[in-house]
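These are the residues of each chain, in order.
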Amino acid sequence: LAKTTQPISMDSYEGQEVNITCSHNNIATNDYITWYQQFPSQGPRFIIQGYKTKVTNEVASLFIPADRKSSTLSLPRVSLSDTAVYYCLVGVLMFSGGYNKLIFGAGTRLAVHP
Amino acid sequence: EAGVAQSPRYKIIEKRQSVAFWCNPISGHATLYWYQQILGQGPKLLIQFQNNGVVDDSQLPKDRFSAERLKGVDSTLKIQPAKLEDSAVYLCASSPRTQGISTEAFFGQGTRLTVV
Chain V
1 LAKTTQPISM DSYEGQEVNI TCSHNNIATN DYITWYQQFP SQGPRFIIQG YKTKVTNEVA
61 SLFIPADRKS STLSLPRVSL SDTAVYYCLV GVLMFSGGYN KLIFGAGTRL AVHP
Chain D
115 EAGVAQSPRY KIIEKRQSVA FWCNPISGHA TLYWYQQILG QGPKLLIQFQ NNGVVDDSQL
175 PKDRFSAERL KGVDSTLKIQ PAKLEDSAVY LCASSPRTQG ISTEAFFGQG TRLTVV
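For the protein sequence lines, the chains are V and D, in the order given.
Take the first sequence: its position 16, counted from the start at 1, is 16 in the numbering used here, and no numbers get skipped.
In short: position in the second sequence from 1, add 114, done, that's the numbering used here.
Keep in mind that the hints were calculated from the coordinates and are not lab data.
Computed from a predicted structure; not experimentally measured.
You may find that some hints are simply not true.
Derived DSS-like pairs: lysine-lysine, alpha-carbon spacing no greater than 25 Å straight-line [as the list claims (entries may be wrong)]:
#	chain 1	residue 1	chain 2	residue 2
1	D	K158	D	K129
2	D	K185	V	K54
3	V	K101	D	K129
4	D	K158	V	K69
5	D	K197	V	K3
6	D	K125	V	K101
7	D	K176	V	K101
8	V	K52	V	K101
9	V	K101	V	K69
10	D	K129	D	K185
Now the stretches of chain D that chain V is said to cover, found in silico as 3 or more residues with beta-carbon under 8 Å [as the list claims (entries may be wrong)]:
#	stretch
11	125-139
12	143-155
13	218-228
Glycine residues also receive a C-beta, built at the ideal position from the N, C-alpha and C atoms.
Looking at chain D on its own, in the form it has when it is part of the complex:
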């Protein structure tokens, strides 16, 4: 089956510019996650969707970050305006609705953002 697709793979922008990342999860997966991973650190959860509803956005800097999940499928994450400290890899992941017992999520390759 096709994996989680993310684009672009790399992006370089100047501070105060805006940027958007796109994620296409695995077909049929109800849960979609966006993580921010700064070099040398573990992934930090920014926002989690269940279908097209937000179940956790407690660590999303809402003054500059926004995310939406269109019709419970694709998702976009936007940063406006970007700061130098936003330089990181942005990872998208998806997982199916847990019919049984599974904590497996499938990750995309990420988008590496550099803010200069």
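So that you can see chain V by itself, here it is in the shape it has in the complex:
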């Protein structure tokens, strides 16, 4: 599985856009990039997934350059409730078995300040 590297922590203020970049230099052809969010005392929650270019949903955007060696999670206009740990995962989709391998790193602790 590809190793991921992301900042340990980030600080932001309410209303700002936050971009968290993840490096995954040895990503494989069939790897998808997934981001999860985790609040204290809760299990992680899926945010967004992508393979290449740009993906957007109601929560975030995911930017993936052509070489796919990195990806950037973009959170528009953050609020205090976005304070959480954000994990970048490079998941291998096991097509033959129909399941995923989801390996978490240390994540990025985002603190949003008033």
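With chain V's structure known, arrange chain D on it following the hints.
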């Protein structure tokens, strides 16, 4: 739809005692994961089931941890005997069989284990 259910939410035991955690995944989900999350760290995969078969247990300390998935539905994770370093949150997650392209897993709230 109902989410992933775990019980108990909290457990305090003495070292060398045994403990069991229970997980009821989302109905119809083929894949079930157990993770261990130590305070301040990311979740660490202990074991992964596809239906009732194990597809990955490479990081499960098999001398003290065991897990089973009954009839491909509910699962239990057991620790016997517990050590102080087993203090952590144990997370269960499930995901459907990937018909298309999806890496989404659904997590329960976890069981917080304290070994004293």
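Checklist entry - Hint numbers the structure violates, sorted upward? => result Those not satisfied are hints 2, 3, 5, 6, 10, 11.
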